[in-house]
Amino acid sequence: MKKILIIHAHPENQSFSSSLRTTANEHFSKMGYSVKESDLYAMRFDPVGNKNDFKELNDSKFFKYQMEQANAFNKELFTDTLKEEMDKLAWCDILIFNFPLWWFGLPAILKGWVDRVFAMGFVYGSGKGIYENGIFKDKTAFITMTTGGPEIAYNGGKNGELDTILFPIHHGMFYFTGMTVLPPFISYSPARKTEEELKNEIDRYKEYLNKLDTFTPLYKA
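Heads up: the sequence shown begins at 6 in the numbering used here, then just goes up one per residue.
If you're looking for bench data, these hints aren't it; they were derived computationally from the structure. Keep in mind that the hints are not guaranteed to be accurate.
What the hints assert, rightly or not - Cβ pair distances, simulated, as ranges:
{"no.": "1", "residue 1": "Ile157", "residue 2": "Gly130", "range": "40 to 48 Å"}
{"no.": "2", "residue 1": "Leu203", "residue 2": "Gly130", "range": "40 to 48 Å"}
{"no.": "3", "residue 1": "Gly37", "residue 2": "Asn160", "range": "31 to 39 Å"}
{"no.": "4", "residue 1": "Ser65", "residue 2": "Thr169", "range": "38 to 46 Å"}
{"no.": "5", "residue 1": "Thr84", "residue 2": "Gly130", "range": "14 to 22 Å"}
{"no.": "6", "residue 1": "Asn63", "residue 2": "Lys35", "range": "28 to 36 Å"}
{"no.": "7", "residue 1": "Glu17", "residue 2": "Phe109", "range": "14 to 22 Å"}
{"no.": "8", "residue 1": "Gly154", "residue 2": "Tyr46", "range": "35 to 43 Å"}
{"no.": "9", "residue 1": "Phe68", "residue 2": "Glu89", "range": "29 to 37 Å"}
{"no.": "10", "residue 1": "Glu31", "residue 2": "Phe67", "range": "46 to 54 Å"}
Unchecked claim - With a straight-line Cα cutoff of 30 Å, these simulated DSS-like cross-link-like pairs (lysine-lysine) come out:
{"no.": "11", "residue 1": "Lys35", "residue 2": "Lys56"}
{"no.": "12", "residue 1": "Lys163", "residue 2": "Lys7"}
{"no.": "13", "residue 1": "Lys163", "residue 2": "Lys142"}
{"no.": "14", "residue 1": "Lys198", "residue 2": "Lys7"}
Remember, predicted model here, so these are calculated numbers, not experimental data. Even for Gly, the Cβ is constructed at its ideal location relative to N, Cα and C.
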């Protein structure tokens with residue numbers, strides 16, 4: 006049985022982005038998979054990595070975040086809330102980032118989740134490899150994303166190539182840790198779509214989810 010982790014980053018539960026999150030949860034649950042979610046806004050997840058991530062510090066005189074992460078991993082000093090998110094990540098087979106594109110990147114709350122959960126010592130460093138030697142070679146990841154701008158604005162439009170926009174996530178987060186990275190699902194400008202068009206988008210997402218095993222990965226260890 007596959008294990009699915011959805012990291013959802015949208016402040017409105019009635020948004021189309023949230024509908025995509027629900028669609029994925031229902032899809033994988035009906036397949037008999039185990040599904041967990043981190044609804045970051047509902048959790049009021051703190052995106053700011055700082056001294057509060059740790060039950061105690063190794064060096065109280067000069068704070069080095071990465072060094073404290075590595076120390077905390079080795080000595081089990083991460084706070085319980087943060088350790089819960091790390092345990093979810095270690096548990097899953099498939100990781101989904103579900104979010105709206107904000108300022109050509111992740112919403113701050115999701116970027117902060119990566120900063121704090123993809124911790125040194127846990128995900129990389131301390132003798133762990135990266136890319137094809139990363140520790141998450143057994144995991145698959147993909148993006149489910151909505152945009153404000155229409156499709157014509159990307160991939161030849163003024164907003165630029167989506168491959169370039171999503172490179173820091175696909176390559177710098179997923180593949181950096183060894184994950185197999187699938188092509189993203191993009192729903193362009195849902196705020197401008199009719200109810201019928203939104204229904205068609207949900208159907209398109211269901212079709213995408215049904216075909217996950219057929220996609221050629223963007224990156225594979």
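Hint-by-hint comparison with the structure:
no. : hint                        : in the structure
1   : Ile157 x Gly130: 40 to 48 Å : holds (42 Å)
2   : Leu203 x Gly130: 40 to 48 Å : holds (43 Å)
3   : Gly37 x Asn160: 31 to 39 Å  : holds (36 Å)
4   : Ser65 x Thr169: 38 to 46 Å  : holds (41 Å)
5   : Thr84 x Gly130: 14 to 22 Å  : holds (20 Å)
6   : Asn63 x Lys35: 28 to 36 Å   : violated (46 Å)
7   : Glu17 x Phe109: 14 to 22 Å  : holds (21 Å)
8   : Gly154 x Tyr46: 35 to 43 Å  : violated (22 Å)
9   : Phe68 x Glu89: 29 to 37 Å   : violated (23 Å)
10  : Glu31 x Phe67: 46 to 54 Å   : holds (49 Å)
11  : Lys35 x Lys56               : violated (41 Å)
12  : Lys163 x Lys7               : violated (40 Å)
13  : Lys163 x Lys142             : violated (35 Å)
14  : Lys198 x Lys7               : violated (33 Å)
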